[in-house]
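Trainee: These are the residues of each chain, in order.
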Amino acid sequence: MSKGSIHRLRSNPVAALAFSVIVLLIAIAVIGPWFNPNNIESLDWAHVAAYPSLTGAHWLGTDRLGRDLFARTLEGMRVSLAVACVAGAISLSLGLAYGAVAGYAGGRWDQLMMRFIEVLSGLPLIFFVIFLTVIFGRSQYLLFLAIGAIGWLTMARIVRGQTLSIRQREFIEAAIASGAGTGRIILRHVVPNLLGPVIVYATLTIPQIILFESFLSFLGLGIQEPHASLGTLIAEGAGEMEAAPWILLVPGGVLAVLLVCLNIVGDGLRDAIVGREGAAT
Amino acid sequence: MVRYFIKRLAGAVPTLLIIITAAFFLIRGAPGGPFDQEQTLPPEILANLQTAYGLDLPIWAQYGRYVGALAHGDFGPSFKYKDFTVTELIGQGFPVTLEIGALALILALGLGLPLGTYAALHHHSAADHAAMSLAVVGIAVPSFVVLPFLGLVFGIYLRWLPVAGWEPGSIRHLVLPVIALCLPPLCIIARMTRASMLEVLRSQYIRTAFAKGLPLHIVILRHALRPALVPVAGYLAPAVASIMTGSLVVESIAGLPGIGRYLVQGALNRDYTLVMGMVIIYSALLIAMGLAVDMLYAWLNPRIRFGR
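Chains as they are written, first to last, in my numbering: chain A, 1 to 281; chain B, 1 to 308.
It should be emphasised that the hints constitute simulated quantities derived from the structure, not laboratory data. Some hints here could point you the wrong way.
[Said to hold, decoys possible] Taking beta-carbon pairs under 8 Å as the criterion, some of the chain B residues facing chain A (in silico): (1) G93; (2) F94; (3) G151; (4) F154; (5) L248; (6) L263.
[To be verified] Restraint ranges, calculated between C-beta atoms of paired labels, are given here: (7) S133(B) - G161(A): 26 to 34 Å; (8) S42(A) - H123(B): 36 to 44 Å; (9) H129(B) - E225(A): 18 to 26 Å.
[Claimed, not checked] Calculated from the model, a selection of chain A residues having no Cβ within reach of chain B, i.e. all distances over 10 Å: (10) H7; (11) L153; (12) P207; (13) E242; (14) P245.
If you're wondering where the values come from, they're calculated on a predicted model, not measured in any experiment. Beta carbons: idealized from backbone N, C-alpha and C, even for Gly.
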């Protein structure tokens, strides 16, 4: 990241606002439970499907079983964000390693490895992820892995393209001349120079992962009861829409705001670093 | 052009075969089977059932039988929906899925392209900024949030449209699901069109076209649109994939009798043949779309048509 790109990012008020909203949401998700008198699991039979009211016992109302919606939404946010971080890290490291090796190896290996990526991205990957979550039972670690497996293809492509151009530079030649091994060159000289585009793409991957996780949870394949993610909460709310719309609107609204802000920040970062505007996703 | 098409078509067959093989062994590798129930079946009955469906054969023999039947267009019987073949189940639901999917795709293209072009022509105007801000929202918010929300507003409060359900031939039941389904691809298409149109509009031959006094619509339709469409054409296959995935949830929320539910249900029930049928249908559709995109590319860009 050059100084110019930081300046360009700073002068983008929308991205700055979106970024503060994300920070605020994360802060509420983490510290909110200390301020909320209600916990996640307790059932309040006196207030079943209660309206949201700031003066009442439940700020954002309760669901069908009398569980506090504020507490549940906070938990859903934490789970969704945690999944996004873990799966994002997996897809980032996988894509980085694969792309850097392919790009640095070049020639036949590069062609072979990229052909593999091409075949994989031609497949309807989402169906295989649905398969995998079904096959390996409901283990949530595998869910993270499966979701991480989505983002790495594009990441690998971007990294490989950058690596190809870095490989031509003098400092790589200098490293080779001074006797550095291939592994060391990739780790110490190639990867640090890749970080700009990698960060940009990683920020754009996070909302995709959150979206996908909530999609799977919505279908009942992801996070399981008694845990909640934003997807399971929305699925629950969609069933109660007519009688108690807030059960849908609270988690749905949080998810929408979170995704919109993450996308805006990602776009802003890309524009700041790549310096082209409104380019295609 | 024809030779190019045949070459691409020949490449699609092994891809489909790889998908079929991978899906077959993945779903067979899953623990559990189609006859697992609350109370376990007596072993004699289970053995009879397995013989009847050919599950007692070695897995390679089963694979051979399945692919052999598939070559004759036979998807086999469903394990869970007794008395139905997979062909019948898919045959009943597919028209509905195809209808909402096709409508969503047409709507996404029909609105996305003009919207993007308009935004590019009025670069940095208020309309441009408004459209692009809305597009960010449309891309970010998933259809399973949009659809219940639309149902709440237009179905429950305003009572203009039904929230869910389906009647043969009824358009009103399709309005909300189609809108929810087309929104993300529509916004992405609008953004891509705007970006590529902006680039094209800066080029020399567009300036020439304006300089010799051609009216705006001629410049756009005859000179700018075709090169500007190239990146959008590349997005068509992902758009179809996104509509397919979206239809999995949209159909279940809106209570439409499409085939979307069969994939997840079939996988959970270990309804081997049904899942395989779904994977094959969806993959074949995607591959066909990829082929169509290749053809479109060749039409849009003569370098591909005549080169190689």
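Trainee: Give a verdict on every hint.
Mentor: Here is what the structure says about each hint:
For G93(B), the suggested interface contact is broken, since its CB lies about 16 Å from the closest CB of chain A, more than 8 Å. With 8 Å as the threshold, the beta carbon of F94(B) stays out of range of chain A, its nearest partner Cβ sitting at about 16 Å, so the hint is violated. For G151(B), the suggested interface contact is upheld, since its CB lies about 7 Å from the closest CB of chain A, less than 8 Å. Interface restraint check for F154(B): the shortest CB-CB distance to chain A comes to about 12 Å, outside 8 Å, so the restraint is violated.
With its C-beta approaching chain A no nearer than about 7 Å, L248(B) sits inside the 8 Å limit, and its interface hint holds. Hint status for L263(B) relative to chain A: holds, with the closest Cβ pair at about 7 Å, below 8 Å. Between S133(B) and G161(A) the beta carbons are some 30 Å apart, a value that agrees with the proposed interval 26 to 34 Å. A hinted range of 36 to 44 Å for the beta carbons of S42(A) and H123(B) is inconsistent with their spacing of about 55 Å.
At roughly 43 Å, the beta carbons of H129(B) and E225(A) sit outside the given window of 18 to 26 Å. Interface exclusion of H7(A) from chain B stands, the closest Cβ pair being 20 Å apart, more than 10 Å. With a cut of 10 Å on Cβ distances, L153(A) stays outside the contact zone with chain B, its closest approach being about 12 Å. Its closest Cβ contact with chain B, about 6 Å, brings P207(A) to no more than 10 Å, contrary to its assignment away from the interface.
The beta carbon of E242(A) sits about 6 Å from the closest Cβ of chain B, which is not more than 10 Å, so the claim that it is off the interface is violated. With 10 Å as the threshold on Cβ separation, the claim that P245(A) sits away from chain B is violated: the shortest Cβ distance comes to roughly 6 Å.
Violated hints, in rising order: 1, 2, 4, 8, 9, 12, 13, 14; the structure is consistent with all others.
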